[in-house]
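Asks: Single-letter residue listing:
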Amino acid sequence: MSGAANRRFGIAYTAGVVVLASLAAAAAGALVLLAIGASPWATYVTILTGPLQDGFGVSEILLRTVPLTLVALGIAVSFRSGILNIGAEGQIQIGILGFTAVALFLPHLPRELLLPLALVAGALGGAVWAGIAGVLRSKMGVNEILSTVMLNYIAAQIYTFLLRGPLIDPDEMISGSGTPQSMRLTKSVWLDRLFTGNRLHTGLVLALVLAFLTWLVLWRTTFGYRLRAAGAEAKAARYAGIHVERSLVAAMVIAGGFAGLAGAVEVAGVHHRAIEAISGGYGFAGIVVALFGGLHPAGIVPAAVFFGLLLVGADMTQRSAGVPANMVLVLQGVIILAIVSARMVIANPYAKQRALDAARRWGFFRDEKATEGGT
Amino acid sequence: MRTPGPIEELRLEGITKRFPGVLACDGVSLTVRRGEALALVGENGAGKSTLMNILAGLYQPDQGRILVNGEAVHFRTPADAFERGIGMVHQNFMLVPSMTVAENVALGMRHLHRKVSLDLDEARRRVVEISKHHELPVNPDAFIWQLSVGEQQRVELVKTLCLGAKLLILDEPTSALTPQETDDLLDRLQRMTAELSIIFISHKLAEVKSLSKKVTILRQGRSVFSGSTADHTTAQLAALMTGHEVSIPKNSGGGTPGAPALVVKALKVRGDRGHWALDGLSLEIRAGEIVGLAGVSGNGQRELAAALAGLRPVVSGEMTLEGRSLVGASPRQIIDRGMGYVPEDRHHEGIVPPFTVKENLVLKDVATRRFSRLGVLRLGAIDAHAATLKDRFDIRCASTAAAAGGLSGGNIQKVILAREIDRAPKVLIAVYPTRGVDMGATEFIHKQLLALRETGAGILLVSEELEEIMNLADRIAVIFKGKILATVPAAGATREALGLLMAGVTA
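Sequence order for the protein chains is D and Y. If you read the first sequence in the numbering used here, its first letter stands for residue 767, the second for the next number, and so on. If you read the second sequence in the numbering used here, its first letter stands for residue 72, the second for the next number, and so on.
The hints are simulated quantities; they were obtained by calculation from the structure and are not laboratory data. Honestly, I wouldn't trust all of these hints.
[Claimed, not checked] Calculated lysine-lysine pairs in the DSS-like style (CA-CA distance at most 30 Å, straight line):
hint: 1; chain 1: Y; residue 1: 336; chain 2: Y; residue 2: 554
hint: 2; chain 1: D; residue 1: 905; chain 2: Y; residue 2: 203
hint: 3; chain 1: Y; residue 1: 275; chain 2: Y; residue 2: 203
hint: 4; chain 1: Y; residue 1: 497; chain 2: Y; residue 2: 554
hint: 5; chain 1: Y; residue 1: 554; chain 2: Y; residue 2: 339
hint: 6; chain 1: Y; residue 1: 518; chain 2: Y; residue 2: 275
hint: 7; chain 1: Y; residue 1: 285; chain 2: D; residue 2: 1001
hint: 8; chain 1: Y; residue 1: 497; chain 2: Y; residue 2: 518
hint: 9; chain 1: Y; residue 1: 552; chain 2: Y; residue 2: 461
hint: 10; chain 1: Y; residue 1: 339; chain 2: Y; residue 2: 518
hint: 11; chain 1: D; residue 1: 1001; chain 2: Y; residue 2: 336
hint: 12; chain 1: Y; residue 1: 280; chain 2: Y; residue 2: 321
hint: 13; chain 1: D; residue 1: 1001; chain 2: Y; residue 2: 203
hint: 14; chain 1: Y; residue 1: 321; chain 2: Y; residue 2: 518
hint: 15; chain 1: Y; residue 1: 280; chain 2: D; residue 2: 1001
hint: 16; chain 1: Y; residue 1: 280; chain 2: Y; residue 2: 336
hint: 17; chain 1: Y; residue 1: 285; chain 2: Y; residue 2: 554
hint: 18; chain 1: Y; residue 1: 497; chain 2: Y; residue 2: 552
hint: 19; chain 1: Y; residue 1: 461; chain 2: D; residue 2: 1001
hint: 20; chain 1: Y; residue 1: 339; chain 2: D; residue 2: 905
hint: 21; chain 1: Y; residue 1: 497; chain 2: Y; residue 2: 339
hint: 22; chain 1: Y; residue 1: 285; chain 2: Y; residue 2: 203
hint: 23; chain 1: D; residue 1: 1001; chain 2: Y; residue 2: 552
hint: 24; chain 1: Y; residue 1: 552; chain 2: Y; residue 2: 339
[As the list claims (entries may be wrong)] If you want a taste of the chain Y side facing chain D, the calculated C-beta under 10 Å gives, among others:
hint: 25; residue: 422
hint: 26; residue: 443
hint: 27; residue: 476
[Unchecked claim] Sample of chain D residues facing chain Y (criterion: CB under 7 Å; computed from the structure):
hint: 28; residue: 952
hint: 29; residue: 954
hint: 30; residue: 991
hint: 31; residue: 1002
hint: 32; residue: 1005
hint: 33; residue: 1006
hint: 34; residue: 1117
All figures in this text were calculated on a predicted structure; none of them were measured in a lab. Every residue, glycine too, gets a C-beta built ideally from N, C-alpha and C.
Could you put the whole structure together from the sequences, leaning on the hints where they help?
Replies: Right, dumping it as structure tokens:
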């Protein structure tokens, strides 16, 4: 049997497992929908096709693609380097604070200077926040999953405190409504809109460029090589003279930088001020996007578009079918389970062998000689 | 539990098994009768394990039949095979470390599983009975993690026998054992053949000859020889196994060693449990010589190698490479000063398994100007480098873009050796370089080490195999409890004398 036939079976097998896993996820989601009295079919149709009815829907999908892509790129860097960043949510908030602080305190700088400075401050905020977990892990062996999750809580409290106190919009104090949000930021830190009539902004271009750069750094530079080596097999990396602890910190800082930048871009492109609940769970959804995209930029971008579709679609079902938008969180959970299970099955040689035996028995897959004679 | 009846005769007829891309077994037939020990011999990838996995019910054959006492049987699961009294002891032990011996045995004895509890007393009783009957001493209440590798091996045997096996399949049972443990195991197996049948997978021909009268040799999925071990020398069997004449490379002793390259003086290093793993060890390796470090594993070899690589802190003492101290230097600095390293655990320390072969070949040198410029990889140079080394070191892989972790042990070792030797080290530390590697690859690795010696490098060869050390080394140092007990010239060394030293007996 030839390598080509082998590869063909491998691809068919992987595709089959993925399709089955997706169907299983859909079925499990349908059970939940039935339980809350909604029609699964109508809900799925709305989620998957509703946002694609017009250009505005598409623009809203792409709008959500931006933060999802940025967060997921950072997650991919950290996971590939052997450190699991679960703290993107907190890093987003600290990033927003960095961006907002620069925009509030230096409003008179020219746009060419202020916008990059504020974006860098956002990235730096996330990087520092994630760096804490990175240093704790490399110096003291503190489990990064615990520390990043805990840092999420701390970041949330700091964020709320600042928005309700020092950073609150003075107008809110005067009017007395007390909505926890910052002053509207100077227009010179707003990202340009790509089109008129919708909210899509130049952050999309930034995200795509960074996706390409991430690929370049991970697979085409010595720095990326060292990160991946340390992540794939830390022992061998150590024996080869790679400073694994240093690369863990670097990976965490990069991951935090991406998350911080995602927060900054979200403010600069969409809200133009820091508000509560701005992230909408992008920090966690980004993990799913990264895994769904195979921890590779070329997979992450389409995965982010798909999850953008789910998010917008979920909003629509809330309006049209009365299904709560939180259902999308349930679907996310089901999808994570499906991905993880599918990966286990794909990586299991015994399962693959059984599938091959079955395929042969049913005549779907012939050996090379038979194929040559037959077709 | 139904105890299976005795197996008077087991016969495999024309077993064929295809995997994607390979014909693992191609019409293999063999016969084992009661009281026989059949050796199944072949190089890695010859189809031995596949054939035995079929017999044990893990795989289904594509063609061919299995006959027990003349009756055709079909094994769909390992449980089916056990029903007929066929039990397999795998190369990697299948034991739960945090459980006791009796608990591990009880795991497989379904009839002892009550609704909420386990009849452990019965399991204990069986363990004691079987271990007494077959002279396989094990303590049923010991935890697996407390046992040495040799003891765990005995537990595996007892476990399989407790489940009623009448025919034992042993997949390379000696690959992780010390020479003494190996002799001991072969001795016990010999006695067990009085009432059982054994199929013994190995590629160590000396063991095969000492245990088995009958041998079947597989090569590339085909049975190329079935017959008596007594009529053939190990060299003849080796030629049948590899398909060509095997010459065992030997150090002819030529050349005069140069200046001291690596000097270790009164080195003290702590082990993982805080004890003195190296307790004032002194050793000298000169340029152009191979020093064999003989010893039972666990006497400080691992810690010495790690200290020399800069991965384990030195408490006191000195180690110098060409006069410069290595104490406190980082792994990178030690590499840059000319230290090469073939680590013990090739899958986790020697290579990054998901990385491609070509990526692994530049693991230590990716930042040099040869393979990168301003931090950007020079893919062309990396490809060319891999192509050269693949040919020179006979690395068998479909492509150098294949993941190194998917290669056989021997080929992984060739990747590591290629990387280390091509860097032209001043000193090479090779830790168990041929453990679990088949004969063809072993021959190749030995030749490469001798060739490196000719270029004037000093080599520290850590090994448990006395043959390997006696064939390759100029001098032999015996390590015992963290110290060098004696250093003798290889020319006058005998197996017996070294064996005594390894056991800690001096004078």
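Asks: Of all the hints given earlier, name the ones this structure violates by number, lowest first.
Replies: The structure breaks hints 2, 7, 9, 10, 13, 15, 16, 17, 28, 29 and 34; every other hint is satisfied.
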